[in-house]
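Work out the full structure: start from the sequences and follow the hints.
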Amino acid sequence: MNFFKKTLDPTIALTLIAVLDIFLFLLVGAWTVGGGETMITGLVAELFMGDELSRIPFWSLVFKPDAGYWKIYISLGMLFGAIVSAVLSKEFYLRIPRRLSEWVMITLGGLLMGFGIRLAFVCNVSTFFGLTPQMNLGGYLAISGILAGAWVGSWIYKKVLEG
Amino acid sequence: MSVIGECLIAFVFGSVVGLLVQRSRFCNTSALRDAMLFKTFRNTKPLLIAMMILTFGFTLFLTFGEGKAMHFDVGLNQVVGLFLFGIGMVLAGACTVSTWVKAGEGNVGAMWALLFTFIGMFLFSLLWSVNYWPPAPISMTGEPNLEALQLGFVNARTLQDKFGIPAIVFGMVQVVLLGLIYRAILIKESAQQLEHDQVAAAHRANMAVNTKS
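So the protein sequences, as listed, match chains B and E.
Heads up, the final residue of the first sequence is numbered 241 in my numbering, and it's a clean run with no missing numbers.
Heads up, the final residue of the second sequence is numbered 214 in my numbering, and it's a clean run with no missing numbers.
Hints should not be assumed to be uniformly reliable.
To be verified - Simulated restraints on C-beta separations:
1) Arg133/B - Pro138/E: 50 to 60 Å
2) Phe81/B - Val210/E: 39 to 49 Å
3) Ala185/E - Ser132/B: 50 to 60 Å
4) Leu127/E - Lys83/B: 45 to 55 Å
5) Ala203/E - Leu105/B: 48 to 58 Å
6) Arg184/E - Ser132/B: 52 to 62 Å
7) Phe164/E - Ile234/B: 41 to 51 Å
8) Val165/B - Met208/E: 40 to 50 Å
No lab work stands behind these hints: they were computed from the structure.
Cβ coordinates follow ideal geometry from the N, Cα and C atoms, glycine included.
Here it is in structure tokens:
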């Protein structure tokens, strides 16, 4: 099939996603990723720590581990869809970062993303595809933060590439 | 709707998104990073288009009280949190969506980024359990709480309730503003194209002179 041979125009992809996101908004709520990821973190932590987890108040007051939380399945769906798509377009293969600097940047980047999402209650997806289109004040606050952060991040990225 | 129904819809939505993002190589990180670093807008333009469609759709339904809007108090924590997130996504070379999608393509770096996103969230849960900031959703009131650096809850629907102007009107203002940003990008791109053509023409002219002599 041609769909799995040529690169899809991102404008077409995002238009379709936006229309589907409106349906999702009507049924369960707008597209979001961070909340599901937090719940996965909680479920995995519960698996390792058992009842010990209840000693950390966050996991009873803010996110009580619950496998029936719909946002988890958006993340699992994206993983599933991407695997199917990559296999069908013969683009599935292991890519391993080569340089130590890449591993360091990815580790730090991951930590900052996880920490930032929880501090803000939102991720980049909720910022651009949920809060801001609902004209929630939090969307504008989040956008000002992410633009400044991306600028600082780009500056560091450039220094590392040049160095 | 039943819990299973919700999870099923979420999974189907996620799968379609995973497929579309994988095929189009859309990336929210490069939508911001490439615009700042390289002045290229391949991913910035579709992001703006999606935001225009969503603003129209969401505010239209909010006008009639339909749809499930995100509802929690916001404040300084959104600015600081997304600032940290913004640095992180550029360093990791992926945002929340592309980590899942690239992991699905077999990208070990993306899987590593995901793992540390989870670890970052867990570290935050430890910190929160010490200082209890930002306030938990159960203690949110919707009103400004300056002591906790919270500004309360405002969206297109609360504006409608406060000013008696339909939410969609505010939405259309935002659509126009997003459209103006889009237009500015198109103007910038055509200027880049013009410059590129001029440089290419000058280069060709030079080559022609060189081959003659």
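Going down the list of hints, with the structure as the test:
no., hint, verdict
1, Arg133/B - Pro138/E: 50 to 60 Å, "21 Å, violated"
2, Phe81/B - Val210/E: 39 to 49 Å, "48 Å, holds"
3, Ala185/E - Ser132/B: 50 to 60 Å, "52 Å, holds"
4, Leu127/E - Lys83/B: 45 to 55 Å, "48 Å, holds"
5, Ala203/E - Leu105/B: 48 to 58 Å, "57 Å, holds"
6, Arg184/E - Ser132/B: 52 to 62 Å, "54 Å, holds"
7, Phe164/E - Ile234/B: 41 to 51 Å, "43 Å, holds"
8, Val165/B - Met208/E: 40 to 50 Å, "46 Å, holds"
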